[in-house]
Amino acid sequence: MTGIGIAEKTRPQMRRVREREAPWKNPEATAYIRIEGISKKFGDFTAVDDVTLDIYRGEIFCLLGGSGCGKTTLLRMLAGFEAPTGGRICIDGHDMADVPPFKRPVNMMFQSYALFPHMTVEKNVAFGLKQEGMPRNEIAERVGEMLALVKLEEFARRKPHQLSGGQRQRVALARSLIKRPKLLLLDEPLGALDKRLREHTQFELVNIQERLGVTFIVVTHDQEEAMTLATRIGVMNHGRIVQVGTPHEIYEFPKTRFTAEFIGNVNMFEGRVIEDEPGHVLIESADLGGRIHVGHGISSAPDAVVWAAVRPEKMILAREPPRERFNAAPGTIREVAYMGDVSIYVVQLDSGKAVRVTQPNTRRHADGAFTWDDRAWVCWHESSAVVVME
Amino acid sequence: MVRTLRLLQRRFGITGRHLVIAVPSVWLLLFFLIPFLIVLEISFAHTRLGAPPYTPLWEWTSEHALHLALSAANYLFIARESLYLDAFLSSIKVAFISTFFCLLVAYPMAYGIARSSARWRNTLLLLVVLPFWTSFLVRVYAWIGLLRNNGLINNVLMALGLIHEPLVMMQTDFAMYIGIVYSYLPFMILPLYSNLEKHDDTLLEAAVNLGATPFKAFLQITLPLSLPGMIAGSMLVFIPAVGEFVIPRLLGGNNTLMIGRVLWDEFFNNRNWPQASAVAMTLLLVLVLPIMIFQRYQAREAGA
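Residue numbers (our numbering), protein chains in the order written: chain P, 1 to 390; chain R, 1 to 304.
No lab work stands behind these hints: they were computed from the structure.
A portion of the hints provided could be inaccurate.
The calculated DMTMM-like cross-link candidates involving lysine to aspartate or glutamate, where the alpha carbons are at most 25 Å apart (straight line), are [as the list claims (entries may be wrong)]: (1) P:LYS123 <-> P:GLU154; (2) P:LYS41 <-> R:GLU205; (3) P:LYS41 <-> R:GLU165.
In silico negatives: residues of chain R with every beta carbon more than 10 Å from chain P [what the hints assert, rightly or not]: (4) PHE100; (5) THR123; (6) ASN154; (7) LEU160; (8) ASP173; (9) LEU196; (10) LEU203; (11) ASN269; (12) MET281.
Cβ-to-Cβ under 7 Å is the rule here; a few derived chain R residues that face chain P [said to hold, decoys possible]: (13) THR202; (14) GLU205; (15) ALA206; (16) ASN209; (17) GLY211; (18) ALA212; (19) THR213; (20) LEU219; (21) LEU223; (22) LEU225; (23) PRO228.
Yeah, the Cβ is synthetic: ideal placement off N, Cα and C, and Gly gets one too.
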């Protein structure tokens, strides 16, 4: 997992999207895509289970989940390749139930790119316009503009197998944007690219999205990709949407264990609620070997089993025990990984549980730093932990 | 074994790869190249009475002189005699029409098999190959049983009252084409199937997603991508169909001129081996041309 510090990364390209008024918080705003109680069963297997989602114009909405969680099936239902077994999809107020895939106002970028191998780049990009019967000179003009946008002018006459992976990805993008769709579906758009190219392409995707004002729905299993691209993320598990929120909300306020563990690294402490007040919760945790004080109220049954989730970068390593008698436990340092900007410590608490702690390396000199087999106290502030349910 | 191989490699530079290639090479040399050269030789000879029924190409006239007698007369005769040209043209026409109908019938079948579920696919393929388990001649004779005046088809049609007099189908071009298309159908289906089966369905989804109806997607994606399969199948049907002799003889009319029949007559009735060999050589030349065009097409596709 490489989730450390993603939420803190600054992304100038993204700021405009985020600073815009979030339509999902505005009760007046109408959703551009309404997914109402959509289900899809393949025989006995339920791929998508009663999913309801509102997606707004201009969003980059990421469906995030592991393989087999139903995210691709949901995308394919939006494109019309699969018929839902229950529920309704409306795009811009129109029910899509009886609209065949070739008439939907939706284009898709396939994971495998699905470029036509017998056609040149130009012909591939022109394909969508040709189906509309657009005059040839107009097609040529639009294709030229689109190839300029993805910087592929000089490759117009090449065939797909003469291109690199990154170039193919751009052809696929150009082809799916040529009809100026209001909604673009992207299935693992960066999955086939190497790491360097991915980062570059992510920003390019966002730029193009903003320039053309298209709504993106992106399917991905890569949490980092979702975090950097999305205005909002829908986390999926076993065919259900587990949580919907901005990257920040998903990372800092996960509602379930699944979300907390799927995105970034997290330390989970199982425990029993012993005090549940509006302002705070007190949890008795055998995992920690002590009590956890969380600075927000939850609504739970007394004696309920819950988990306190604490991100590694929100924990502190100390030589001395803190003043409070909660949110702290002594342990022995078992592993140290020096990453440059941060160091990662694996601390085995006296309760037996291994905890991951990330500490920023604020000083250049390493004297006095923690090392293997040191005794240390792991502690955190009462606002750092989140209580999550199963 | 390994030691022998190692020895061979050290002493003579012969590797296992060479040995593997050697087997088919020797086979082709013995059973294709040498007979081919013999036919080529005979085609330049004159006919004569005796055994063998043709003049030798070279003879030692005296002790130190080799007399070489190459005769182009047989080829000139083919060029002059309109019978041969007519037979060639007629054969090519028959082969062309047969190939066309084979393609027309085979494409939907191959497409259907390629699109069927994995459970059915092998059964369907088996059904395509199944006729090969019966002798070719038996199958052609079976068609006679179906097509003749008091055959199954006529009897059924008359019993149903659709016709009052039997349709004359035997000894017609119609029967001949049925026979050829039926016999060569598997050779068209199999290469087409092996091409269609490899197609990536997401390409069709992409086309449909971009606004093509399923039929237009088929025309613009599946059809052009299956061209290599169509060409391979057409070659496999066209080439033997040009030389086809049995089916036109059994099912076709007497006036259907086929080069295979001319060859047979020349060889067995006229006992003119050199002339027959020259016809065979010319036929080969006619057939090598489309093969070379195909090869070039394939090379271009691969290199493009």
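Consistency of the hints with the structure:
Simply put, P:LYS123 and P:GLU154 have alpha-carbon atoms about 14 Å apart, close enough for the 25 Å limit, and the pair holds. With a CA separation close to 21 Å, the supplied pair P:LYS41 and R:GLU205 stays within the 25 Å bound. For the proposed pair P:LYS41 and R:GLU165, the alpha carbon gap of about 59 Å is over 25 Å, so the pair is violated. No Cβ of chain P comes within 10 Å of the Cβ of R:PHE100; the nearest lies about 23 Å off, and the non-interface call holds.
Consistency note on R:THR123: stated as away from chain P, and its beta-carbon is indeed over 10 Å from all of that chain's, at 22 Å minimum. Every C-beta of chain P lies more than 10 Å from that of R:ASN154, the closest at about 47 Å, which supports listing it as non-interface. Its beta-carbon lying about 42 Å from the closest one in chain P, R:LEU160 satisfies the requirement of being farther than 10 Å from that chain. No beta-carbon of chain P is positioned within 10 Å of the beta-carbon of R:ASP173; the least distance is around 37 Å.
With a cut of 10 Å on Cβ distances, R:LEU196 stays outside the contact zone with chain P, its closest approach being about 14 Å. In this structure R:LEU203 is not separated from chain P by more than 10 Å, as the shortest Cβ-Cβ distance comes to only about 5 Å. With a closest Cβ-Cβ approach of about 51 Å to chain P, R:ASN269 is found to remain outside the 10 Å limit, as its non-interface label requires. Listed as outside the interface, R:MET281 is consistent with that label: its C-beta sits roughly 38 Å from the nearest C-beta of chain P, beyond the 10 Å cut-off.
The criterion of a C-beta within 7 Å of any C-beta in chain P is met by R:THR202, whose closest approach is roughly 4 Å, and the hint holds. Because the beta carbon of R:GLU205 sits about 6 Å from the nearest beta carbon in chain P, less than 7 Å, this interface hint is met. For R:ALA206, the suggested interface contact is upheld, since its CB lies about 4 Å from the closest CB of chain P, less than 7 Å. Hint status for R:ASN209: holds, given a least beta-carbon distance of 5 Å to chain P, under 7 Å.
With its C-beta approaching chain P no nearer than about 4 Å, R:GLY211 sits inside the 7 Å limit, and its interface hint holds. This hint holds: R:ALA212 has a C-beta 5 Å from the nearest C-beta of chain P, less than the 7 Å allowed. Below 7 Å, beta-carbon pairs count as interface contacts, and R:THR213 has one with chain P at about 6 Å; its hint therefore holds. Residue-level restraint check for R:LEU219 is violated (minimum Cβ-Cβ distance to chain P is 11 Å; threshold 7 Å).
Taken as an interface hint, R:LEU223 does not check out: its beta carbon lies about 10 Å from the nearest beta carbon of chain P, beyond 7 Å. A cut of 7 Å between beta carbons decides the hint on R:LEU225: the least distance to chain P is about 6 Å, and the hint holds. Hint on R:PRO228 is violated. Least Cβ distance to chain P is approximately 10 Å, over the 7 Å limit.
Hint compliance for this structure: hints 3, 10, 20, 21 and 23 are broken, all remaining hints hold.
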